[in-house]
Structures are given as structure tokens and as C-alpha cells.
Amino acid sequence: MILILDPEEKSNYDFSISNLIMLKLFFDAGVNVSDFSDFTMDYNYGPDSSSDILIDGLKALYSDVVVLCAYEDSEQLSEVVSNTSINSPETLLIIKDEQMDKLFHSRYYHEFCEQGLRPNCSGDFCEFEIESDPHYGLLICVYWNGMHHEIVENILAIKKWIEEYSTKLEG
Amino acid sequence: MDFIKLSEEFSKVTIVSQSDEKEQRSIGVSNVMNYVLNHYSTKEIDFHSFSIEDINLAFLDFHFLPTSDDELTEEDKCHLKNHPWVVYLENKTVIAGLIRNKKRIYENEDDFI
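Protein sequences appear in the order of chains A and B. Going by the numbering used here, 43 is the number at position 43 of the first sequence; the sequence numbering is gapless. Position in the second sequence (from 1) plus 1000 gives the number in the numbering used here.
Since the hints were made in silico from the structure, they are not lab data. Think of the CB as a built atom: it goes at the ideal place given N, C-alpha and C, for glycine as much as any other residue. Do not rely on the hints blindly, as some may be mistaken.
Unchecked claim - Computed cross-link-like contacts, DSSO-like style, restricted to lysine-lysine with a CA-CA straight-line distance of at most 30 Å:
| hint | chain 1 | residue 1 | chain 2 | residue 2 |
| --- | --- | --- | --- | --- |
| 1 | A | K10 | B | K1081 |
| 2 | A | K10 | B | K1012 |
| 3 | B | K1012 | B | K1081 |
| 4 | A | K59 | B | K1043 |
| 5 | A | K160 | B | K1012 |
| 6 | A | K10 | B | K1077 |
Stated by the list, open to error - The calculated label-pair distances, taken between Cβ atoms and stated as ranges, are:
| hint | chain 1 | residue 1 | chain 2 | residue 2 | range |
| --- | --- | --- | --- | --- | --- |
| 7 | B | E1021 | A | S82 | 48 to 54 Å |
| 8 | A | G171 | B | D1070 | 54 to 60 Å |
| 9 | B | R1100 | A | W144 | 44 to 50 Å |
| 10 | A | E170 | B | C1078 | 31 to 37 Å |
| 11 | B | K1092 | A | N83 | 53 to 59 Å |
| 12 | B | D1046 | A | D48 | 49 to 55 Å |
| 13 | A | S82 | B | D1076 | 46 to 52 Å |
| 14 | B | L1089 | A | S74 | 42 to 48 Å |
| 15 | B | D1070 | A | I55 | 53 to 59 Å |
| 16 | A | E72 | B | D1069 | 31 to 37 Å |
| 17 | A | D28 | B | K1012 | 52 to 58 Å |
| 18 | B | D1020 | A | K102 | 25 to 31 Å |
| 19 | B | E1021 | A | N83 | 45 to 51 Å |
Claimed, not checked - Output of the computed footprint for chain A on chain B, the stretches with three or more beta carbons under 8 Å from beta carbons of chain A:
| hint | segment |
| --- | --- |
| 20 | 1004-1013 |
| 21 | 1020-1032 |
| 22 | 1093-1107 |
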């Protein structure tokens, strides 16, 4: 037996496994994922379940999540682009919570950019960048909607870094 | 099939067990393959049955499978025979073959589906 699928079918499975990785990452981070979208998907109908899982997971982890798309929210998006140093993305996810806000306005912000953000701001399977801004929070710029699991991996690594430094800040 | 004879044959075989960690890894990876190939819904998945390393391994193994657009040499085909996803599907085919029974009588007419 040799497993050879046509490119479309294989790509659907690639995206489906990537979705399952996202679900597992959110589950391990303590999120109840039982009501999340199913992970199997058909890319011909758009990467919906992939975006749904990503956004639902982020909403479970952060109190403040804003999603801006290049077509529907062009005005708001260009406002954020002009106020920050990011390039214009296809989708922009802005996340923030109290802990992050405190850290971004503390003396550890520079340290965060160097050690917390820089090693965790890009991936191989999706064209994205994660930037930070003291006013907005974390800016996830998705330039091309690929597989999203690396975004979640990086966000969770950043979250862990922020949590560790927040205890320092309090102590 | 004579299952008594089969079990006697099995008892003669010494099973060399793999290290626990390696065995655990292969169970986790095959659980992932089961969820993916059988299109489980999110509610049905036991997220304790595999680790993040297991699913990353399954993802990379699948990602580097060739597609029908790739031209494969005989050597490539030979390597593919030992590919984890191929081995998993082959094992499932063997099990399906073992439990298939042509003369089975179903309670309802459409139970065979």
C-alpha cells in the first residue's frame, strides 16, 4: 500500500492536523475546547474552521480580542497600521489583558521585546509576525492565511513569559 | 480460523518490548492518526490520549508525504512502504480483514453500511 493523495486532498489533511494541534495547545493551556469547531476541513470552502479555532481560543485566554480583516475593516486597520510599525496585513488580531498591559508599561517592556517576543514572532507554515505596542497590546499580523498552529505555539510561549515576569513585577 | 491454534502459536513467540517512552509515543501518534483519518468531531476527542510532541510528529510525517503531482522513483516508493501513516493504514486494513465475515447475518437490513 502506498499513500498518495492528490494535492488538494493532502492539503485538507495538512490543515486539519494543524487545527487539531491548535485544539491540543489550547486544551493543554486549560481552555475547554469541547464546543470549538471541528478540526477537519475542506480548504475549497475557505479556512474557516482554522480561523474559528484560533479566534475562539484567543478569546478564552485574553479578555480583549479584536479581529480586523483587510477587506471588511480597512479603515480601522489602516488606523492601527499608521499608529504602529507594522506592515499592512490580511488579517490583524489584537490581543490584550490586564497582566500584559501592566508589563508593557513597566521597566521590563524592553526586556520583553528582546527575550519574550523576538524568539516567538514568526513561523514556517504561515506568513505572520507578532509585534507589540504598549497602547494596543500584542498585534498578530497574518499576511497570508496558512496553517495557524504556529501562531498559537508562539502566543502561548509569549503568555508564559509574561506570566513569569508579572510575578517578578508583583514581587 | 482456529483461534486456539493461533493463540498457541503466539505463546511461542517471545515479545521483545520496546522502551516505555517509545511505546507511549507510538500509541499517542496512532491515536492522532485515528482521529484524523476517521474525521472525529472535537467533542469526541480524548485530548489526554496524545501529547503535543506526538501530534507534531504526526503532522510533520504527513506534511512530507508526496502527492500525485510528484514524480516518484522506485527508491521513493520503497521508503514510502515504511512511512508511519502507511504502516498505520496497512495495520487497520489487516484488522478490518480479520473481522470481516461474509456470512454475517445482520439484525436490520441496512446494518452492513
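Hints, one by one, checked against the model:
For the given pair, K10 of chain A sits about 18 Å from K1081 of chain B by alpha-carbon distance, which is consistent with the 30 Å threshold. This hinted pair does not check out: K10 of chain A and K1012 of chain B have alpha carbons roughly 42 Å apart, beyond 30 Å. Straight-line distance between C-alpha atoms of K1012 of chain B and K1081 of chain B comes to about 28 Å, which keeps the hinted pair within the 30 Å bound. Restraint check: the Cα-Cα separation between K59 of chain A and K1043 of chain B comes to about 19 Å, which is no more than 30 Å; the hinted pair holds.
A C-alpha spacing of about 52 Å is found between K160 of chain A and K1012 of chain B, which places the hinted pair above 30 Å, so the restraint is violated. Simply put, K10 of chain A and K1077 of chain B have alpha-carbon atoms about 17 Å apart, close enough for the 30 Å limit, and the pair holds. Between E1021 of chain B and S82 of chain A the Cβ separation comes to about 52 Å, which falls inside the hinted range of 48 to 54 Å. Remark: the range hint 54 to 60 Å for G171 of chain A to D1070 of chain B is upheld by a beta-carbon distance near 56 Å.
For R1100 of chain B and W144 of chain A, the Cβ-Cβ distance of about 46 Å falls inside the hinted range of 44 to 50 Å, so the restraint holds. Distance hint check for E170 of chain A and C1078 of chain B: the Cβ-Cβ separation is about 59 Å, which falls outside the suggested range of 31 to 37 Å. At roughly 54 Å, the beta carbons of K1092 of chain B and N83 of chain A sit within the given window of 53 to 59 Å. A beta carbon spacing of about 25 Å between D1046 of chain B and D48 of chain A contradicts the range 49 to 55 Å that was offered as a hint.
The supplied range of 46 to 52 Å is met by S82 of chain A and D1076 of chain B, whose beta-carbon atoms lie about 51 Å from each other. At about 46 Å, the CB distance of L1089 of chain B to S74 of chain A agrees with the hint of 42 to 48 Å. A C-beta distance of roughly 34 Å is found between D1070 of chain B and I55 of chain A, which places it outside the suggested range of 53 to 59 Å. Taking the beta carbon of each, E72 of chain A and D1069 of chain B are about 34 Å apart, inside 31 to 37 Å as hinted.
A C-beta distance of roughly 43 Å is found between D28 of chain A and K1012 of chain B, which places it outside the suggested range of 52 to 58 Å. In this structure the hint that D1020 of chain B and K102 of chain A lie 25 to 31 Å apart at CB is violated, the actual value being about 44 Å. For the pair E1021 of chain B and N83 of chain A, the beta carbons lie near 50 Å from each other, so the given range of 45 to 51 Å is met. Chain A is given as covering the segment 1004-1013 of chain B, and this is violated because 0 residues of the stretch bring a CB closer than 8 Å to a CB of that chain, at least three being needed.
Coverage of the segment 1020-1032 of chain B by chain A is violated [criterion: at least 3 residues with CB-CB distance below 8 Å; count 1]. Note: the segment 1093-1107 of chain B has 1 residues with beta-carbon separation from chain A under 8 Å; the three-residue rule is not met and the coverage is violated.
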